[in-house]
Structure formats: C-alpha cells, structure tokens
Amino acid sequence: MNANNINSITDIYNCAYTNKIPISVTLELNTTCNFRCKHCYIPKHIEKGLEFEKIQMIFQELRNLGTLNITLTGGEVFLRDDILSIIEYARSLGFRVFILSNGSLINEETAKELSNLYISEFSTTIFSMDKSINDEITGKKGSLNEILLGLENLKKNNIRVFVKCPITNINVDTYRDVEKYAKDNKFRFMISPVIFSKIDGDSSNLSLRIDSIKLQQIIEDYDRLNCKNVPIVKDDNVPCTAIHYSMFINSKGEVYPCNSLLSKIGTIYESSLAEIWNNSSELHYLQSIQNKNLPECKKCGYKKYCERCPGLALLEDNNILGCSSIARQNAVARFEILTKGGKS
Amino acid sequence: MENNYCLSKHISWQMIDDSIVIIDERTEKVKILNESASDFWITFIKIFNFNEALLALSQKYSVTRNEIEEDFHQLLYMLVSNQVLYEC
Numbered sequence: 001m002n003a004n005n006i007n008s009i010t011d012i013y014n015c016a017y018t019n020k021i022p023i024s025v026t027l028e029l030n031t032t033c034n035f036r037c038k039h040c041y042i043p044k045h046i047e048k049g050l051e052f053e054k055i056q057m058i059f060q061e062l063r064n065l066g067t068l069n070i071t072l073t074g075g076e077v078f079l080r081d082d083i084l085s086i087i088e089y090a091r092s093l094g095f096r097v098f099i100l101s102n103g104s105l106i107n108e109e110t111a112k113e114l115s116n117l118y119i120s121e122f123s124t125t126i127f128s129m130d131k132s133i134n135d136e137i138t139g140k141k142g143s144l145n146e147i148l149l150g151l152e153n154l155k156k157n158n159i160r161v162f163v164k165c166p167i168t169n170i171n172v173d174t175y176r177d178v179e180k181y182a183k184d185n186k187f188r189f190m191i192s193p194v195i196f197s198k199i200d201g202d203s204s205n206l207s208l209r210i211d212s213i214k215l216q217q218i219i220e221d222y223d224r225l226n227c228k229n230v231p232i233v234k235d236d237n238v239p240c241t242a243i244h245y246s247m248f249i250n251s252k253g254e255v256y257p258c259n260s261l262l263s264k265i266g267t268i269y270e271s272s273l274a275e276i277w278n279n280s281s282e283l284h285y286l287q288s289i290q291n292k293n294l295p296e297c298k299k300c301g302y303k304k305y306c307e308r309c310p311g312l313a314l315l316e317d318n319n320i321l322g323c324s325s326i327a328r329q330n331a332v333a334r335f336e337i338l339t340k341g342g343k344s
Numbered sequence: 001m002e003n004n005y006c007l008s009k010h011i012s013w014q015m016i017d018d019s020i021v022i023i024d025e026r027t028e029k030v031k032i033l034n035e036s037a038s039d040f041w042i043t044f045i046k047i048f049n050f051n052e053a054l055l056a057l058s059q060k061y062s063v064t065r066n067e068i069e070e071d072f073h074q075l076l077y078m079l080v081s082n083q084v085l086y087e088c
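Protein chains in written order, with the working numbering: chain A, 1 to 344; chain B, 1 to 88.
Some hints here could point you the wrong way.
[To be verified] Below 27 Å or equal to it, Euclidean Cα-Cα: the simulated DSSO-like pairs (lysine-lysine) are:
#: 1; chain 1: B; residue 1: Lys60; chain 2: A; residue 2: Lys112
#: 2; chain 1: A; residue 1: Lys20; chain 2: B; residue 2: Lys31
#: 3; chain 1: A; residue 1: Lys141; chain 2: A; residue 2: Lys155
#: 4; chain 1: B; residue 1: Lys29; chain 2: A; residue 2: Lys20
#: 5; chain 1: B; residue 1: Lys46; chain 2: A; residue 2: Lys54
#: 6; chain 1: A; residue 1: Lys164; chain 2: B; residue 2: Lys46
#: 7; chain 1: A; residue 1: Lys156; chain 2: B; residue 2: Lys29
#: 8; chain 1: A; residue 1: Lys299; chain 2: A; residue 2: Lys234
#: 9; chain 1: B; residue 1: Lys29; chain 2: A; residue 2: Lys186
#: 10; chain 1: B; residue 1: Lys29; chain 2: A; residue 2: Lys234
#: 11; chain 1: A; residue 1: Lys155; chain 2: B; residue 2: Lys46
#: 12; chain 1: A; residue 1: Lys54; chain 2: A; residue 2: Lys164
#: 13; chain 1: A; residue 1: Lys38; chain 2: A; residue 2: Lys183
#: 14; chain 1: B; residue 1: Lys9; chain 2: A; residue 2: Lys298
#: 15; chain 1: A; residue 1: Lys156; chain 2: B; residue 2: Lys9
#: 16; chain 1: A; residue 1: Lys186; chain 2: B; residue 2: Lys9
#: 17; chain 1: A; residue 1: Lys186; chain 2: A; residue 2: Lys54
#: 18; chain 1: A; residue 1: Lys155; chain 2: B; residue 2: Lys29
#: 19; chain 1: B; residue 1: Lys29; chain 2: A; residue 2: Lys54
#: 20; chain 1: A; residue 1: Lys183; chain 2: B; residue 2: Lys29
#: 21; chain 1: A; residue 1: Lys38; chain 2: A; residue 2: Lys140
#: 22; chain 1: A; residue 1: Lys186; chain 2: B; residue 2: Lys46
#: 23; chain 1: A; residue 1: Lys156; chain 2: A; residue 2: Lys140
#: 24; chain 1: A; residue 1: Lys252; chain 2: A; residue 2: Lys186
#: 25; chain 1: A; residue 1: Lys234; chain 2: B; residue 2: Lys31
By construction, these hints were calculated from the structure, which means they are not laboratory data.
Start from the sequences and build out the full structure, keeping to the hints where you can.
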C-alpha cells in the first residue's frame, strides 16, 4: 500500500508495514511506580528513566525515521516531574501521543493540560469495581478511588480513555462490572486473558492465570469485545506484523522490536535509531520469520484459533519459532467454544 | 491571506511514503496531501509565512511566483478552512 490510498488510521499502519516505517514507537519513561500490581511484568520498580534532553534527541530521530505514534509508558509516567514537558515536546513535533498510566495521579489541572495538548488516548487499567479486589491486585489501598477520580477528570476534559482489564484468578468474577463502567462512561474497553511472565524470566506471577474452565468464558468475552487493541495489519504469511512497523525503547535506552519481544536490537548509546532500524541483523532476522518457518504451528490443529505472539513464545517457551503454550491454551478454549459449545 | 499562520494544536502530522499525512485529533480524521501540496507543507511548516514559503518554492521550482501562487493559495485556504492552520 502507498500513501495515496490512505483514508484512515488503519491505512497508515498498512502503509507503514509495506514501506517498513517504524510508525509506532513505545518509550518506557521509567519503571518507578506508585502501585505494586501483582501481575506486572516489570521485576524492579527502580529506573527513573532517560533524561529529558535524551528523550528530545530520540524524538527528533524518530521524526526523521517517519514515526507518527509515540506511546509513553512506565512504571507510572506521571511520577516524572517532566512528563508534561515530554508530551508537549512530542506534540510540538507533530507526533500522536498515547499514554499508558494507572491514572491515579491525574488531578483536574493535569487533565486540563493533557486536553490542551490533544493527546490521542489515555490507557489505564481497572481490575475490578470492587475496591478490595482492585486494591489487592494493585497492592495499594484506595487505588480504585484514585483511578476513578483520575478518569473522571479525563472525561470532563474530553480525553479519549481506554480501560484495560487483565484477567487474573483474583478478579475473574468481577470484570464485567468494569466493562459496564467503561460502557457507561463511553470509554473503550478490553480484557486480556494473558498475564505475562516478568521480563527477567521470573514466572511466579503466572500463578495468577485463570483455570481452563473459566478461560472459556473469558475467551468468549474477549472475542465478543473484539479486543484487538491496535489497528492490526493482516498478513497471513508472517507471525507478527507489528515488528515491521514498531519499536520499543526501555528506560535504560535499550531497543527492542516491542515490549513483548525481548530480543535486543540495539541501544541508543551505541547506535542511532536509524542505524538500529535499518541495519540490525537481529531485527532483520525477526522480520524475516514467516509462518512457514514455524514447524509446530504448521501441523497444529488449533492454528486457525490461535493468536500466537512470538514474544511470548520466546519469553515463556524459549523458542521464537516454537509453540507459545499460553496461546495454544487460549486457542484450545476458543476451539471448544466454537465447535462444542464449551465445556461448562 | 498573506500573513503568518500557526499549526492548530489538535493536529498531528508526519511524512509517510513521500506524502504528508495530517490527523485531526478531535475526530481522528485523516487527510493526505498530494506531492506538490506535501512539498508546500514541508517548506511552510518551517516558516509559517505564506509569502516566504511561496518565494522559497518559486526558487526551488525555478518558476515565477505568479505561476504557483493560485494553487498554493487554494491549498492554504483548504488548510485554514479545515482548521489545520490558523492566522496568528
């Protein structure tokens, strides 16, 4: 696809995919956080992140590389004193700015400033409308009230809000109340049945994953809610299109194809982002992988029900070309629902 | 319409595949500029002054100002009408 055919946001992703443009870049601003969510993939909340001047340089490089979307994530990004300056600078260059935050630090004044900066979307997480359940997962007493207050301030200022609800065995029976809250407030909503291991390989948080019976209900709702959270470029030949148009830069300046695929492709201290994007042999290898290179997937009967993520296959099953056990588990649940009406 | 202009705060933009893509963040509507309009944009976005942009482009294309003025006036009018730019 070329630019002449662009009519929508999705078309932009397709054009970026065709032309190998890193249209979407996620920048981890810090790992410090005021919550201690039980499922979080970050092992230690200690990194305060890159300095503002370094971030400005990154943004300038990304403009020249053709990046349009900047996603700012943490940790909790609003713990940074310079967060509004970072957003303002990104907007001044023409970037679309997406924010991932727990929302608890958004007071009226901050919401007003975000509105004046025309951020594209504010994504947050609510686990349950039951205070005790939400607080149990976030590890912070009063967290639900803080989040709801923050979201109210965003709503008053007409900011697009996206509520995500990762499903764990703690909140599995209450997430539909979160769906209702999001619907009542006209917020976009999605659930996720996948809890990621921590990025240092510690898989202790996977004990939060739901059992196979409840998984069927979750998968049914996941499909009903159409939980694809970004415009997805479809190409039946490749296992992941996103790594052809995205990058992730962590709070130490290390660069990855995305925050789920922890195969380092460079660091900002050794190479420019253009050099990394254009010349990284690791990135080129990852981008060269096609579905025909996945021997287990080729013979798998659940293939058409599967949403395999190469990053999860690598992180949890140690083989980027192999089966992702969590994706397979979800695919089996989807197969059972669609072919047998489910077990329950 | 020959004064200075500013980019509206609700606009995001980027050059993609040699064309300027403009997004209105209020509506998420996408607008694509054609090749010559994209060229105008790239020149204009650095100086935000119509006369100066016209001068720079006429030199670049080796044409007179009159030969390109009407086309770029229409483009400027479209960008202002669509609240991408405003007089400032």
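Earlier hints that do not hold, by number: 1, 6, 11, 12, 14, 17, 19, 22 and 24
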